[in-house]
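Protein chains: 2
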Amino acid sequence: MDAEIIAVGSEMLTESRIDTNSLYLTGQLNRLGVEVVYKCVVGDDRNRLAQTIAQAMSRSGLVILSGGLGPTEDDLTREAVAQALGRTLNFDDAIAALLEERFARIKRKMAEVNKRQAMVVDGAEVLSNDRGTAPGQWVEAHGSVAILLPGPPHELKSMFERECLPRLEKRVPRMAIRTAFLRITGMPESDLDALISPVYKKYENPVTTILAADGDLQVHLRARCATDAEAERLLAEVTGPIEELLGDRLYSRAGEPLEVVVGNLLRERHATVAVAESCTGGMLGARFTLTPGSSDYFIGGFITYSNQLKQKLLGVRAETLEAFGAVSRETALEMAAGARQAAGSDYAIAITGVAGPGGGTEEKPVGMVWVAIADESGTIALSRRYLGDRQRIRVFTTQMALDMLRRRLAKLE
Amino acid sequence: MDAEIIAVGSEMLTESRIDTNSLYLTGQLNRLGVEVVYKCVVGDDRNRLAQTIAQAMSRSGLVILSGGLGPTEDDLTREAVAQALGRTLNFDDAIAALLEERFARIKRKMAEVNKRQAMVVDGAEVLSNDRGTAPGQWVEAHGSVAILLPGPPHELKSMFERECLPRLEKRVPRMAIRTAFLRITGMPESDLDALISPVYKKYENPVTTILAADGDLQVHLRARCATDAEAERLLAEVTGPIEELLGDRLYSRAGEPLEVVVGNLLRERHATVAVAESCTGGMLGARFTLTPGSSDYFIGGFITYSNQLKQKLLGVRAETLEAFGAVSRETALEMAAGARQAAGSDYAIAITGVAGPGGGTEEKPVGMVWVAIADESGTIALSRRYLGDRQRIRVFTTQMALDMLRRRLAKLE
Numbered sequence: 069m070d071a072e073i074i075a076v077g078s079e080m081l082t083e084s085r086i087d088t089n090s091l092y093l094t095g096q097l098n099r100l101g102v103e104v105v106y107k108c109v110v111g112d113d114r115n116r117l118a119q120t121i122a123q124a125m126s127r128s129g130l131v132i133l134s135g136g137l138g139p140t141e142d143d144l145t146r147e148a149v150a151q152a153l154g155r156t157l158n159f160d161d162a163i164a165a166l167l168e169e170r171f172a173r174i175k176r177k178m179a180e181v182n183k184r185q186a187m188v189v190d191g192a193e194v195l196s197n198d199r200g201t202a203p204g205q206w207v208e209a210h211g212s213v214a215i216l217l218p219g220p221p222h223e224l225k226s227m228f229e230r231e232c233l234p235r236l237e238k239r240v241p242r243m244a245i246r247t248a249f250l251r252i253t254g255m256p257e258s259d260l261d262a263l264i265s266p267v268y269k270k271y272e273n274p275v276t277t278i279l280a281a282d283g284d285l286q287v288h289l290r291a292r293c294a295t296d297a298e299a300e301r302l303l304a305e306v307t308g309p310i311e312e313l314l315g316d317r318l319y320s321r322a323g324e325p326l327e328v329v330v331g332n333l334l335r336e337r338h339a340t341v342a343v344a345e346s347c348t349g350g351m352l353g354a355r356f357t358l359t360p361g362s363s364d365y366f367i368g369g370f371i372t373y374s375n376q377l378k379q380k381l382l383g384v385r386a387e388t389l390e391a392f393g394a395v396s397r398e399t400a401l402e403m404a405a406g407a408r409q410a411a412g413s414d415y416a417i418a419i420t421g422v423a424g425p426g427g428g429t430e431e432k433p434v435g436m437v438w439v440a441i442a443d444e445s446g447t448i449a450l451s452r453r454y455l456g457d458r459q460r461i462r463v464f465t466t467q468m469a470l471d472m473l474r475r476r477l478a479k480l481e
Numbered sequence: 069m070d071a072e073i074i075a076v077g078s079e080m081l082t083e084s085r086i087d088t089n090s091l092y093l094t095g096q097l098n099r100l101g102v103e104v105v106y107k108c109v110v111g112d113d114r115n116r117l118a119q120t121i122a123q124a125m126s127r128s129g130l131v132i133l134s135g136g137l138g139p140t141e142d143d144l145t146r147e148a149v150a151q152a153l154g155r156t157l158n159f160d161d162a163i164a165a166l167l168e169e170r171f172a173r174i175k176r177k178m179a180e181v182n183k184r185q186a187m188v189v190d191g192a193e194v195l196s197n198d199r200g201t202a203p204g205q206w207v208e209a210h211g212s213v214a215i216l217l218p219g220p221p222h223e224l225k226s227m228f229e230r231e232c233l234p235r236l237e238k239r240v241p242r243m244a245i246r247t248a249f250l251r252i253t254g255m256p257e258s259d260l261d262a263l264i265s266p267v268y269k270k271y272e273n274p275v276t277t278i279l280a281a282d283g284d285l286q287v288h289l290r291a292r293c294a295t296d297a298e299a300e301r302l303l304a305e306v307t308g309p310i311e312e313l314l315g316d317r318l319y320s321r322a323g324e325p326l327e328v329v330v331g332n333l334l335r336e337r338h339a340t341v342a343v344a345e346s347c348t349g350g351m352l353g354a355r356f357t358l359t360p361g362s363s364d365y366f367i368g369g370f371i372t373y374s375n376q377l378k379q380k381l382l383g384v385r386a387e388t389l390e391a392f393g394a395v396s397r398e399t400a401l402e403m404a405a406g407a408r409q410a411a412g413s414d415y416a417i418a419i420t421g422v423a424g425p426g427g428g429t430e431e432k433p434v435g436m437v438w439v440a441i442a443d444e445s446g447t448i449a450l451s452r453r454y455l456g457d458r459q460r461i462r463v464f465t466t467q468m469a470l471d472m473l474r475r476r477l478a479k480l481e
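Taken in sequence, the protein lines are chains A and B. Numbering-wise (the numbering used here), the first sequence opens with residue 69 and increments by one. Numbering-wise (the numbering used here), the second sequence opens with residue 69 and increments by one.
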């Protein structure tokens, strides 16, 4: 069964509001095995809303509406659903009585407008609201279900879990779902897709999605089958060949970020790491220390943004800076060796580069970076060039640095 | 003119992804005087996407699509727009040449799939992408405009501002718009609103919006009038009393982030700063160096995550650590003084705290931080306690540290 989610209200179309209800509903529906194929936010315009509802119900088995059930004139969801289905709205005495009682309990007189909340689409079941005044509605038409839920998240969640989940579980054939979450670095998204699409394109199930951000690639696979065993078998059938193709570019089979994978490798080896950062200015250290417990392996390091500090704190030689410049293999190597010695760590990572937007030359363009690693066996350095703005270049460089250390630790170079 | 926004991609229909592009676009469009009346997220289904596009263009003057312009087979926006308008897709040699050149520049061979990015809807204008490979497109049909933008936010923003705003400004009837962008730190959002709402609530024009993120508060005011002079006068009438109420908590009247304001104060004084970071692990240095040209005042510093490095690199005394602990006024003061001396800077900022989630005690709970500043006149330290997760506590602490230095530099304490 496919689902669509419609959020109602002009206030949801402003610069600062996010429709968090749809995220919650998506999670709930996915766990039932229902896919969300479309979601939208519609302002307080009855015709546009009715058109949206009619279209959604014509193509999807489940349509969930949130919001627009309040007492004021711009709360139009009830009217729009009735219009979309060509049905009447009927006044429900039982709801009206409940509303009156609720107001009496808090010793307030119910305003006349609240009676709007007692209007029910012809043929709908009423869904009780234990957190607020607006009742929900469950309306079936032409093999599709529309569920009207209130907008405030705590009201919506309670109503969905009490009133809707039990009804939906009866309608949705139970499926077993198994997911894999692979993470890869060191290649562009298009290369990754060209490499693995011959495998995953053969399967509609599992569904495969590739996400790219900040030099990090994620492959999500989701298998849905009648039984757990079948879903596991199917998932393994697809992930096996994909993992083989990815080889050592695959750094996680369980979705952990790269700094966690590297941290675990260090912890297993009882090894420590220090950093020496120039153009990244502390971003690599900040990334290591994002993880609680990183003090097991990360001891600290140096931010040597000026050349003077590269010399003073890391012992980079003036001749090296003069002959090769701050962004060079030679400087990176001396930074790494110097940081390892000054910090007393087992490993040290040094970063130096041209983050831009200024400062680039023909020979050393913006985006050119050097990363060096020092350990007891010596030092190595690699150079890359990244495109994009200053922050993108810096983020990609921390990713490159972590991957170099991962390869060093796992003896992959 | 009404606008609709369509985000494309099945990955945007998952439990955890938010379409932030639509928030950015809404802000931009509102400032032009264009209302967003509908927005949606459509998965990678060409027919559904084409139907959505056709409907949007039939009822709104402007339709902005984000995403689905990548090189892979599930990037369907180009095809769907062509289908919706009944037009062909043409291969554009100029785009293909640019793509080839871009790959050549970073010494990589372009994968065959990338050629998909050179397909252009018949009659469309091509919008250049200075941050990535996917060009955008501007398509007019039946009095409506569809704009195809890439999904990655930094690519979308750059393309929108360079290529789309100038074109849109020509189509939208001109109103004079004047905006003020105040930034404040050191108070919660609710206190800020209680303080200034008696002023701004009196006006429907300018529109006032308060945004809160990471310990930083922003007040946007937007006045729309028939003439520039009228808009300026109206804006000044409202911002004047607000600025007075905010006093020295207002750190910027022009929207610059705090690290830029502090950087400018340092530059004016020809002064340098160094950092010594424990729980923030390099985040403060990363923030200083986010700004191009920060080498004028930021020279670097120390990440002293372990106590051993606090002693070795900063000269914090073993007795201090033993008597008061790593998270204490005494340790923070010695860190700042030691960093200033070891780096040879005019100012030094030291941070030490309990970022959690573990490691808290009755006396030093999770979220407790000490920040110290050293300069030629001595050292000062302040403590705060922040609530929330590890990353929130760390971000708030860098904000506190920058604000302490701002006050020191502007002689506000």
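Just so you know, the hints here were simulated from the structure itself, not pulled from any lab data. Among these hints, one or two may not hold up.
Identical copies look the same in the list; a pair holds intra-copy or inter-copy alike.
[As the list claims (entries may be wrong)] No farther apart than 25 Å at their CA atoms in a straight line, the calculated lysine to any residue pairs in the SDA-like style are these:
1. Lys269 <-> Gly111
2. Lys225 <-> Asp198
3. Lys225 <-> Thr82
4. Lys479 <-> Gly428
5. Lys380 <-> Asp414
6. Lys177 <-> Pro220
7. Lys177 <-> Tyr268
8. Lys380 <-> Glu444
9. Lys183 <-> Val240
10. Lys175 <-> Arg475
11. Lys177 <-> Gly111
Just so it is clear, the structure is predicted and the values come from calculations on it, not from any experiment.
**Prompt:** Is it within a copy, between copies, both, or neither that the alpha carbon of Lys380 lies no farther than 25 Å from that of Asp414?
**Reply:** both (21 Å within a copy, 16 Å between copies)
**Prompt:** How would you label the pair Lys177, Pro220 (within, between, both, or neither) given a Cα cut-off of 25 Å?
**Reply:** within (23 Å within a copy, 52 Å between copies)
**Request:** If the cutoff is 25 Å on CA atoms, where do Lys380 and Glu444 land: within, between, both or neither? Let me know, please.
**Result:** both (23 Å within a copy, 21 Å between copies)
**Prompt:** With identical chains treated as interchangeable, where does the CA-CA distance between Lys225 and Asp198 reach 25 Å or less: within a copy, between copies, both, or neither?
**Reply:** Only inside one copy: Lys225 and Asp198 sit 11 Å apart there, 43 Å across copies, limit 25 Å.
**Asked** Checking Lys479 and Gly428: alpha-carbon separation at most 25 Å within a copy, between copies, both or neither?
**Response** neither (34 Å within a copy, 37 Å between copies)
**Prompt:** Should Lys175 paired with Arg475 be assigned to within, between, both, or neither, using CA atoms and 25 Å as the limit?
**Reply:** Answer is between; shortest inter-copy Cα gap is 23 Å, intra-copy 48 Å.
**Message:** If the cut is 25 Å between Cα atoms, do Lys183 and Val240 qualify within a copy, between copies, both or neither?
**Reply:** Neither: 35 Å inside a copy, 42 Å across copies.
**Message:** If the cut is 25 Å between Cα atoms, do Lys177 and Tyr268 qualify within a copy, between copies, both or neither?
**Reply:** So Lys177 and Tyr268 pass the 25 Å test across copies only (24 Å; inside, 57 Å).
**Prompt:** Between copies, within a copy, both or neither: which fits Lys177 and Gly111 at Cα up to 25 Å?
**Reply:** Classified as neither: same-chain Cα gap 30 Å, cross-chain 47 Å, threshold 25 Å.
**Message:** As a check of your reading, is Lys225 near Thr82 (CA-CA no more than 25 Å) within one copy, between copies, both or neither?
**Reply:** both (23 Å within a copy, 18 Å between copies)
**Item:** Same-copy or cross-copy closeness of Lys269 to Gly111 [CA-CA at most 25 Å]
**Value:** Between copies only: 17 Å across, 38 Å inside.
Checked against the numbered hints given earlier, this structure breaks hints 4, 9, 11; the rest are met.
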